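Peer 1: Here's the letter readout for the chains.
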Amino acid sequence: MIRILRQIFRTGIVTEPLPSEALSEAEEIGVRLEEAIRKRFRGSLAIRQVDAGSCNGCELEIHAINNPIYNCERFGIHFTASPRFADMLLVTGPVTRNMEIALRRTYNATPPPKVVVAVGDCGCNCGMFDESYAVVGGIDKVIPVNAVIHGCPPTPVALLQGILKAIG
Amino acid sequence: MNESVEINKLRDVITSIFGSDAKKDEGQHPFSVLTYILPRDKFADAAKALKKAYALLAAEWATDETPFGRGFGVFACYRKGWEYLIVKADVPVEDPAFPSLTKNFVPAYRFERQIQSLMGITPAGHPDSRPWIKFEDWPEDAWPLRKSFDASKPMPRVDGQYKWVKAEGEGVYEIPVGPVHAGIIEPGHFRFQAVGEDIINLEERLGYVHKGIEKKFESLSWEKGAGLAGRVSGDTTVAHSLAYCMALESMTGCNLTERANWLRAIFLERERIANHLGDIGAICNDAAFAFMLYQLSKLKEIVLRTNHKLFGHRFMMDKIIPGGVAVDIEPGAKKEILSELDRISKDFEKLAVIYEESPSLEDRVRGTGVLRPEKARELCVVGIAARASGLNLDCRIFNPFPPYNQYDRIELGVPVLITGDVHARTWVRVQETRESIRIIRYMLENLPDGEICLPVNPPSSGLCGFAAVEGWRGEIIYWLQSGPAGEINRCMVRDPSSVNWLALEQAIPCNIVPDFPLCNKSFNQSYSGHDL
Chain A
21 MIRILRQIFR TGIVTEPLPS EALSEAEEIG VRLEEAIRKR FRGSLAIRQV
71 DAGSCNGCEL EIHAINNPIY NCERFGIHFT ASPRFADMLL VTGPVTRNME
121 IALRRTYNAT PPPKVVVAVG DCGCNCGMFD ESYAVVGGID KVIPVNAVIH
171 GCPPTPVALL QGILKAIG
Chain B
33 MNESVEINKL RDVITSIFGS DAKKDEGQHP FSVLTYILPR DKFADAAKAL
83 KKAYALLAAE WATDETPFGR GFGVFACYRK GWEYLIVKAD VPVEDPAFPS
133 LTKNFVPAYR FERQIQSLMG ITPAGHPDSR PWIKFEDWPE DAWPLRKSFD
183 ASKPMPRVDG QYKWVKAEGE GVYEIPVGPV HAGIIEPGHF RFQAVGEDII
233 NLEERLGYVH KGIEKKFESL SWEKGAGLAG RVSGDTTVAH SLAYCMALES
283 MTGCNLTERA NWLRAIFLER ERIANHLGDI GAICNDAAFA FMLYQLSKLK
333 EIVLRTNHKL FGHRFMMDKI IPGGVAVDIE PGAKKEILSE LDRISKDFEK
383 LAVIYEESPS LEDRVRGTGV LRPEKARELC VVGIAARASG LNLDCRIFNP
433 FPPYNQYDRI ELGVPVLITG DVHARTWVRV QETRESIRII RYMLENLPDG
483 EICLPVNPPS SGLCGFAAVE GWRGEIIYWL QSGPAGEINR CMVRDPSSVN
533 WLALEQAIPC NIVPDFPLCN KSFNQSYSGH DL
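Chains A and B supply the protein sequences, listed in that same order. Mapping of the first sequence onto my numbering: residues 21 to 188, in sequence order. Mapping of the second sequence onto my numbering: residues 33 to 564, in sequence order.
It is worth saying that the hints were derived from the structure and are not from the lab. For clarity, every value in this text was computed on a predicted model and none was experimentally measured. Glycine included, every Cβ here is placed at the ideal spot set by N, Cα and C. Honestly, I wouldn't trust all of these hints.
Stated by the list, open to error - To be clear about the criterion: a stretch of chain B counts as covered by chain A if any three or more of its residues have a C-beta under 8 Å from a C-beta of chain A, and this derived list gives those stretches:
hint: 1; region: 112-118
hint: 2; region: 339-353
hint: 3; region: 396-408
hint: 4; region: 498-507
Stated by the list, open to error - Listed below are the simulated BS3-like cross-link pairs for lysine-lysine, each with C-alpha atoms no more than 27 Å apart in a straight line:
hint: 5; chain 1: B; residue 1: LYS55; chain 2: B; residue 2: LYS84
hint: 6; chain 1: B; residue 1: LYS256; chain 2: A; residue 2: LYS161
hint: 7; chain 1: A; residue 1: LYS161; chain 2: B; residue 2: LYS185
hint: 8; chain 1: B; residue 1: LYS112; chain 2: B; residue 2: LYS185
hint: 9; chain 1: B; residue 1: LYS256; chain 2: B; residue 2: LYS330
hint: 10; chain 1: B; residue 1: LYS56; chain 2: B; residue 2: LYS112
hint: 11; chain 1: A; residue 1: LYS185; chain 2: B; residue 2: LYS135
hint: 12; chain 1: B; residue 1: LYS135; chain 2: B; residue 2: LYS112
hint: 13; chain 1: B; residue 1: LYS84; chain 2: B; residue 2: LYS74
Claimed, not checked - Computed footprint of chain B on chain A; a stretch qualifies when at least three of its residues, placed anywhere within it, have a C-beta under 8 Å from a C-beta of chain B:
hint: 14; region: 24-31
hint: 15; region: 59-65
hint: 16; region: 92-103
hint: 17; region: 142-154
hint: 18; region: 160-172
Just chain A, same shape as in the assembly:
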């Protein structure tokens, strides 16, 4: 136990502000955004992540925004297990034929008002997986999309910026 405590105190808080190149853009909408989250979501934005066919690269980066360095919870963002509690769907793709129905159901299970964000090049426009018998298309081919985050995969900073933008 002593070892655990020592390691915790020695590590301290490693959370850092967004790097300077990302800072201006994030700051610009950040103030309005926190205000919007407080008003519209009572200070907490619940996100349900849906993998509709990704290679799992995007999932790694979405995990990363939860790590102590990016610590997305400080912005009032948290990931929920059920779409029924979600304000936002963060969807990675391309949407495969075998996931199309499940994605529709997840969308319908999310109560309005809801925001859908397509993540990654594949989610936005199919990426390398266009013109396949097994792929339906980008996320917007299946459910209405409000915002997109490009990248293969998008870095954690790009993800945070994209989420902030989608609500701002």
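Go by the hints and put chain B onto chain A.
Peer 2: Below, chain B alone, put in the same frame as chain A:
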């Protein structure tokens, strides 16, 4: 040399039993793996004979060879120690069937369902005729891997029902989970039959992220194929593109510079470290020990940031290309990596002690999700799962590329545990992380000079290439075949998850339902790599 006797053992089995029936496939490039063509009715006999010689089944797949004016080909790849051997049987178009290997080798169970679903060749004598990856709402005669199939058009949906395994009896109930299940995770469906808290059966249903990758390869150039291979499973992007490139290089006889090989090895080990750090943390987190997750995800982030800074991508996607690598390690970068490794290793050792000395954690991870060594062998599992269950398998030892084959210099230690539980799979990762840190240091200090990439000539027609690479999860196999015009005729991808998913299903019964996430995490399989 003693070694050559060992290497030729499986070959001797085939030549001595089948004599003149077994024809060596001369179409194979000499750098590729040894392939024998057997008459179709001897396909299962070969499996039986090789099993007696203690071989394991590594992969099974089919090709459509109608562009060559032939029918289909069915392939089984066996492995024993140093030796890989492929047995091929020709299958005529008018009678698409072959003898099933499932009774001899359990992993053939899913390989063959997949062959039937996607290529439309029937494994005669297979105990389970349900499709795999192909869902019930696909048209029954849609066989995407056949050349006659038009892959650019979407398929109509038809009615159909999947036949689940049922369990009945007093107090038996069912828990269906997925495909969209809790957490930031890929989609898959798990169906538990349970009595009280105890699981009596688990059935997996996968295929949700099937993107038609193997078919897609056939429409790409050889160069672009490396990019697609890097997106088969995002967390294993280095190892997958490496295996693809090595298979391609084995077809063209391209010899890389030593520097290119060493850089590839460094990238491969960095990918291993990053994923192991994340996994160890996530396993502990699933045992409610969140402290480790936060500490280790911090270390993982350090590795990814260094990658981004030095190589331009956090996961080093597209950095391995045919003929070598796309990015070099500059002299200044070497110092940076070394100091990064010092930092990680210092913290990591402290955390390893905490892992070992926490009784509450030990209580959850020991004796949970046990995959017994005899079961692991029967299921022919690979990678971490194999080494945690007493199987000494590692392509870096048994099928090495330079620098791994310089044993006197690298002296790679491969941890093998026999308990097969969650703890064993975690501890294999801990020891491998240490080894990877050690050998990266060595490789950086002794990095040879030279070009980082050489031009690769596109292969001529009718050649085959093979490569097996130890990714962080385990052995990844690529098998390539060039068509009549020198294009990609077939690219077979075998992610370690394709074999190991079956092992998870077998390790779960007799555990309690709340331990499933913990067991699942300890295997941490790729859905995307399996579904393709």
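Peer 1: Each of the hints needs a verdict: does it hold here or not?
Peer 2: A quick look at each hint next to the structure:
no.	hint	verdict
1	112-118	violated (count 0)
2	339-353	holds (count 4)
3	396-408	violated (count 0)
4	498-507	violated (count 0)
5	B:LYS55 x B:LYS84	holds (21 Å)
6	B:LYS256 x A:LYS161	holds (26 Å)
7	A:LYS161 x B:LYS185	holds (15 Å)
8	B:LYS112 x B:LYS185	violated (42 Å)
9	B:LYS256 x B:LYS330	violated (34 Å)
10	B:LYS56 x B:LYS112	holds (19 Å)
11	A:LYS185 x B:LYS135	violated (56 Å)
12	B:LYS135 x B:LYS112	holds (19 Å)
13	B:LYS84 x B:LYS74	holds (15 Å)
14	24-31	holds (count 4)
15	59-65	violated (count 0)
16	92-103	holds (count 4)
17	142-154	holds (count 7)
18	160-172	violated (count 1)
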